[in-house]
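Colleague: Chain D is fixed; fit chain F onto it per the hints.
Protein chains: 2
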Amino acid sequence: MKAFTKSHFAIASAAALFATASVASSHATKSSNADVAARHMMMEVVAKNMGILGSTAKGEIAFNAGLVQSAAGGINMLAKIDPTSLWTEGTEQGAADLSRAKTEIWSDPAGFAQKFEDMATASAVLMGAEDLDALRAGMGPLGGACKACHESYRGPKN
Amino acid sequence: MKAFTKSHFAIASAAALFATASVASSHATKSSNADVAARHMMMEVVAKNMGILGSTAKGEIAFNAGLVQSAAGGINMLAKIDPTSLWTEGTEQGAADLSRAKTEIWSDPAGFAQKFEDMATASAVLMGAEDLDALRAGMGPLGGACKACHESYRGPKN
Chain D
0 MKAFTKSHFA IASAAALFAT ASVASSHATK SSNADVAARH MMMEVVAKNM
50 GILGSTAKGE IAFNAGLVQS AAGGINMLAK IDPTSLWTEG TEQGAADLSR
100 AKTEIWSDPA GFAQKFEDMA TASAVLMGAE DLDALRAGMG PLGGACKACH
150 ESYRGPKN
Chain F
0 MKAFTKSHFA IASAAALFAT ASVASSHATK SSNADVAARH MMMEVVAKNM
50 GILGSTAKGE IAFNAGLVQS AAGGINMLAK IDPTSLWTEG TEQGAADLSR
100 AKTEIWSDPA GFAQKFEDMA TASAVLMGAE DLDALRAGMG PLGGACKACH
150 ESYRGPKN
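Residue numbers (numbering that gives the first Met the number 0), protein chains in the order written: chain D, 0 to 157; chain F, 0 to 157.
Pulled out of the complex, with its shape left as it was, chain D reads as follows (with noise of 0.2 Å):
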């Protein structure tokens, strides 16, 4: 234990707790560009919260506003990172193992910021949904906004 201080204890400790859910990633394997790594680890959290929604607007889950507006949340935290922040120069499909960045991030960083305001758009109107009916007429909003996107910025599987 003598080469961990105290702080590294305490990162390695909350970081097993959470070991179970952790093995469970969409990713078999973590890229090693840590820009990268860090944009599918933030599209994890965006799908995790997309499945609350989903699960509640199918009932599969009890309606829980507060829950909704976590999730919902959640998404339109993320959305208001700078994209410029974590799609970084040479980090494009092929440039960057894993990703699966197209070049037009880059050649067109005003459409690229505004399908994020997209997100955030869709995503506030679902914090506000106090019913059923007011979440299930979000989600068609919120789903194109993800799809948009992906069709224009996101490259083949890899």
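These are calculated hints, taken from the structure and not from any lab test.
It cannot be assumed that every hint is accurate.
Unchecked claim - Under the rule of at most 25 Å between Cα atoms (straight-line distance), these lysine-lysine pairs were calculated in the PhoX-like manner:
1) 156(D) <-> 29(D)
2) 29(F) <-> 57(D)
3) 29(F) <-> 79(F)
4) 79(F) <-> 79(D)
5) 29(D) <-> 57(F)
Note that the structure is a prediction, hence the values are computed from the model and not measured.
Modeller: Chain F in isolation, oriented as in the chain D frame:
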């Protein structure tokens, strides 16, 4: 398609977008109890956000203030859900499938609510972490809040 309204189709489309990620759940089976299933989904989102914070603390992904703030913020929002709205009566371990909720949750509601406040406090500190040192310093208290609650209110594996 006649049986589906436009909004149902939109929900299905949104769900399909994330099917790949959703398959990789840490819970092989979804509880038949809607509240237990919702709790598990909530905890998966907490775990994914903890993964971002932990991977950043360990240097596996690049420090990104926006991503750290969003991950900590996602946990913070989930911490603010009224626990009684998800830990509903009759959903303790043994009563609802896949539940690991101890009966202490209902016999000591104030103590359980305090654990959520502790999670909110520790995650709020991390929302303001502007560098790696601040993040690392805040990981121990947050991991400790997780651990303390699990030790007091979560039963053994099913």
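Colleague: Now tell me if each hint is right for this structure.
Modeller: Evaluation of the provided hints:
no.: 1; hint: 156(D) <-> 29(D); verdict: holds, 15 Å
no.: 2; hint: 29(F) <-> 57(D); verdict: holds, 14 Å
no.: 3; hint: 29(F) <-> 79(F); verdict: holds, 24 Å
no.: 4; hint: 79(F) <-> 79(D); verdict: holds, 21 Å
no.: 5; hint: 29(D) <-> 57(F); verdict: holds, 14 Å
The structure is consistent with each of the numbered hints, conforming to all of them.
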